[in-house]
Amino acid sequence: MGEYTYSELGSILAMQGFAGISLFSVLLLMALGLAIIFGQMGVINMAHGEFMAVGAYTTYFMSSLTESYLPTLMPYYFLIAILLSFLVAGLLGYLAEFALIRHLYKRPLDTLLATWGLSLIMQQSFRSIFGAREVSPTLPDWLMGSYQPTETIDIPLNGMFVLALTAVVTLGVFYLLFKSSWGLRVRATTQNRIMSGAVGINTKKIDRYTFALGCGIAGIAGAAFTTIASTGPTTGSLYIVDTFMVVVFGGAASLFGTIASAFSIAQAQSILEFFISGSMAKVYTLLALVIILMFKPEGLFASKVRR
Amino acid sequence: MSFVYEKLMGGKSGLTGFIILATLILVIFPTFLDLFRLNLVGKYLTYAFAAVSLVLLWGYGGTLSLGQGIFFGLGGYGMAMFLKLEASSPENTAIQSTPGIPDFMDWNQITSLPWFWEPFNSFTFTILAILILPAAFAYLVGAAMFKRRVGGVYFAIITQVIAVILTVLIVGQQGFTGGINGITDLRTLHGWDITSNNAKYIFYFVNCFLLLGVIVLSRFILTSKFGRLLLAMRDKEDRVRFSGYDVSNFKIFIFCIAALISAIGGAMFTLQVGFMSPSFVGIVPSIEMVIFCAIGGRMSLIGAVYGTLLINFGKTTFSESFPELWLFLMGGLFISVVMFFPNGLAGIWDDYGHYLTDRLKQLKDKFTTVVLNREPKQLAEDAG
Amino acid sequence: MKATSVIKSLTRFEFRRGLLRVVGVSAFLLASLSAQADSANTTGLAVTDDTVTVGILHSLTGTMAISETGAQEAEKLAIKQINDMGGILGRQIKVIQEDGASDWPTFAEKSRKLLVKDKVAAVFGCWTSASRKAALPVFEKENGLLYYPTFYEGLEQSKNVIYTGQEATQQILDGLNWVAKEKGAKTFYLIGSDYIWPRTSMKIARKHIENVLGGKVVGEEYKPLGNTQFGSVINKIRLKKPDVIYAAVVGGSNVAWFKQLKAAGITSKKQTLLTISVTEDEVLGIGGENLEGFYSIMKYFQSQDNPNNKAFVKAFKEMWGDDSVIGDVTQAAYLGPWLWKAAVEKAGTFDVDKVVAVSEMGDIELTTAPEGYVKLHKNHHLWSVARVGKWNKDGQATVVYESELLEPDPFPAGYQ
Amino acid sequence: MSSETDFTLSIENLTVSFDGFKAVDDLNLYIDKNELHVVIGPNGAGKTTVLDLICGKTKSTSGSIKFLNKELTKMSEHEIVRAGVGRKFQTPSIYENLSVFENLEISYPKGRGVVGSLFFKRTDTVLNKVYEIAKEIMLFDALETEAGLLSHGQKQWLEIGMLLIQDPQLLMLDEPVAGMSVKEREQTAELLNRISEGRSVLVIEHDMDFVARIAHKVTVLHQGKILAAGNMQKVQNDPKVIEVYLGH
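Chains as they are written, first to last, in this note's numbering: chain A, 401 to 707; chain B, 5 to 388; chain C, -9 to 406; chain D, 3 to 250.
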């Protein structure tokens, strides 16, 4: 590496570090919603990726709408689109819980199958509404390009945006679950449903809103993803396995675990990718996860409880 | 004799169901379908192996594997490797830079046959590999997981991840595996043209007999004490453990059996379709196998076969005319089976089938009373 | 004779009525139709006195539907134009379309159905190498004829396939020569999706760069299909500072790749990028603004300025809507029916062996091709021109370089 | 520690902690042959945890459990059962979808391996043993009934029967009369007295009248430690015990 100056190598190191952090924020944002749904409620939502696609398509729809009718608002539409993605995906999640999930709380493996069916229907709906072609919204200029702190360092703006968004959403989830009275009720319900019902918590309502919240966060993740990649009818299924791995590896019921697991998976993957080919990096990362999970099935962070 | 009747056939209703299925696939299909359709049915029936294996593993054992595609794929690839080597004789591959190795290796600058391909020159080894390797792999995975009491959801997700790993590996290591194209252009088995009409008929029947054999084997397992223990474990695992059974051994065993059955299906697939590709290993095929099983009835061996046939027939015919409707239908079917008919077709038959049989019986009775009883009188009248 | 065959098919109709629900009405009707054709024609194909049946086999559903839509639209356009001109040998072309559903075994299954049950005289279809590889044994076994439109990795020449797209050397070599000469490029970074076509193409590119151009490959990288994270690769590229990024990323990954390149500040102002996997179809998803100034090597661009192409683009848009774009493969697919027509008319029969024999004479040519002039080589591939297009913001390319007419060479010596 | 004893079960210095909370703390407990020993104590005293520790469901943090001079803490659940320890759970744990007969048959200690279970045959020996136990637990007439249809009390008996068929040296019963009618309690008390002959029985129970009827020896647990031990009368009059129960 004699032909490089130290400052160049330093810049690469900085940018590579950011690539890892960027992947971390992406994984975390994907996994947060599922951590709530799977971790707190125990529902295996195979349609989680499709709820992300709902967010992405909402953003695309907003982009086209703004471009056609209110082109002056183009710089700002994206923020509204994120909010709308949350609402639309959350609403759909609410309906799905009402129509489907609530009948299956006692049969976790069956929720897996039913939500797979749901994901097929959602995929076909995307195809019927938006067409088979992959779409991507027109991004506002402030999300494009890179930030250059020095001559040789380029930090992608979209990566920084996703990172910030992830931070906000994570803090929001923490606040909701651990500081608000609603969060207390959610945690109470997930720990002891019957008792919570007995002390006057409307557990059905809690379930429905929790599920909707998880789906809503998936929607935000989908919206954020449009800055990085395109959206197609089957986009959701690309992410579902990674998302589950993050949640399971972290220890299903632990939000801290989810964060730690997203961080370690992202760093492992991005460092490996730098040194070996992309396919093998993926194989090694997943293989390591599976082997670790075989030795520590409860995941990274799970407290030992009295059975 | 009573052993065969009770244990292998499952008593009267079991025997009837078995005979009807055997008649359907051995007599009715070959008589009424042309070779093209029959070959399709044969392909579907290879998936039925995986569906039947899921009845054992999931329906009775309560352990859902989202990775049956792994074993289907291993079986299929084993057979494909043997056939590919036969198709890659130095004479057939003379135009390559390295004749005598499979074409895709040559394209990937591989100059000699990798060591793990070597033994697949032997047909005996190949058959043994198909029977043993997937089961051995299942043993490794199963021992690691079940000994540590990983089950239910975690098992499902981990098997799914293993399926993903294997797919990425096969696609990524294309010099050794043929990559995303898979192993194609398989033509002969010991010099015998596997694409000829004759071969197709023979493979179809071999496939059917193997499938029926697998059903009989599964019946034997399920009607033994082992089968009752599986059910007992599914519902009250701790009780079984505290009755002195090493629960994990039972789960590992049934997982290995399920892997073996799926692998046989995979090998038969390769023989009938003439190639193998990673698109049979990953998440989607694995979940589809679960769908076949769930639609047919997760507690019914024979139901799983019908489920497989129905879904695949539906897919072929529907996707020709209404491709859009098909996914909606599939998704809807899946949701409704899970929510309203957890025992699938077999469950519906158990719940409502008696209306049909009763009606048939009534008709028969009516026929007997009306026609047969009147017969003497009629005869008398005719005579008079 | 005719009466008996009608009665025969009628009785078969009765006999099979119960089966129809399972098998599907269309399949049966065609089967009985072909039974009739047996007596009407001697080729054993679905040819009557005034019609000839062909098949179109592309993915209408699944992940590949996006790419294959254009190809099947072009094939239908060509068939419609041929029919409007009076058909082939006085017969109108009837089309049976099947869905490959982005699933390789389905391609094999549907090919067999088209050849065995429908007895089609030719099939226009397949897109990915994997689907062609799956279908190929069927075509060879049943002696069918496939017109395959996609630019592909080469290393294949089947009696039963006519390849209307470019094989790898045609597409790659001249483009590399151009970039080496025009941009003075010495170092190259190769990146592609992880499957056979990018790997084979990169292999050829590497040999050409190292052995012919005297350049250097400073990095070679393959990402899994569907991958959307290119951060680490982009940093590696920065580290190696290649003169040219040579890319063959496909599908949804393409969009992520170009978006992330732009976000990382790697634009055409600083970096030359040459890709062999972006046509007008892909640009729709990627967005012209993310590609502006980068180069593609293809044999056809929609913006090509010649009367053939103008007429083609106009007709295509009339039939399939003003929004449609036409990429390289779409145009190559359009050539299929025309090449078949030329061969059949020269042979005077639909018989596959005779059509192939005529095609192998190496003098079937089309002067009306939108890409200009093409000629069928006796190795079943087309003589064609390689073009380098520079992408504009509006999603169209400006052709900046055209090669001579290149001879197809599916088994290039020195590149294996 | 390695001393040989005559006790069926000897627990010494047993401790288990969950994230620092000691559910069982330095416990010593001995059970003689033919002894029917009852453990009582308020909720959360660690009673069920003790049973979990003995049968291997929970692993101890330190200490030893010896059964017929065999160390149990290192053995897995099924090995402990095969060594001769049977355990009934708090809520009846039976196979609801199987008949009473099949429930007992599954518990029959033959064909416990994978291969053995595949080729297990319903011989006369098996039949006779099942009939014998069914009579003992007063369910002979209900042999063909689906277990899920039994009354709560009958389910408790069935589970006891499923243990008896294995002829364990140590029988552990977690609240065997919970949810039973008065008559069923009496029948159960008789049953326990009958079956405690020739083996040791460890019972957890809340119902003091019932305890008084069956117990040879009583141990009171409180916060993971032994508060008092001895015969029923002695324990009932112990001021510490009275305080714990009344103050609770």
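Read the hints as simulated data drawn from the structure, not as lab findings. Among the clues, some could well be false.
[What the hints assert, rightly or not] Derived lysine-lysine pairs resembling DSBU-like cross-links, with alpha carbons at most 30 Å apart:
| id | chain 1 | residue 1 | chain 2 | residue 2 |
| --- | --- | --- | --- | --- |
| 1 | D | 61 | B | 151 |
| 2 | B | 151 | D | 112 |
| 3 | D | 236 | B | 240 |
| 4 | D | 242 | B | 240 |
| 5 | B | 204 | C | 365 |
| 6 | C | 231 | B | 47 |
Comparing the hints with the structure gives:
Taken as a hint, the residue 61 of chain D and residue 151 of chain B pair is honoured in the structure, with Cα atoms around 15 Å apart against an allowance of 30 Å. A hinted pair counts as satisfied when its Cα atoms are at most 30 Å apart, and residue 151 of chain B with residue 112 of chain D qualifies at roughly 22 Å. Proposed proximity of residue 236 of chain D and residue 240 of chain B is contradicted: the alpha carbons are some 40 Å apart, above 30 Å. Taking the CA atoms of residue 242 of chain D and residue 240 of chain B, the gap is about 40 Å. The hint is violated against a cut of 30 Å.
As the CA atoms of residue 204 of chain B and residue 365 of chain C are separated by approximately 40 Å, the hinted pair breaks the 30 Å bound. Taken as a hint, the residue 231 of chain C and residue 47 of chain B pair is broken in the structure, with Cα atoms around 51 Å apart against an allowance of 30 Å.
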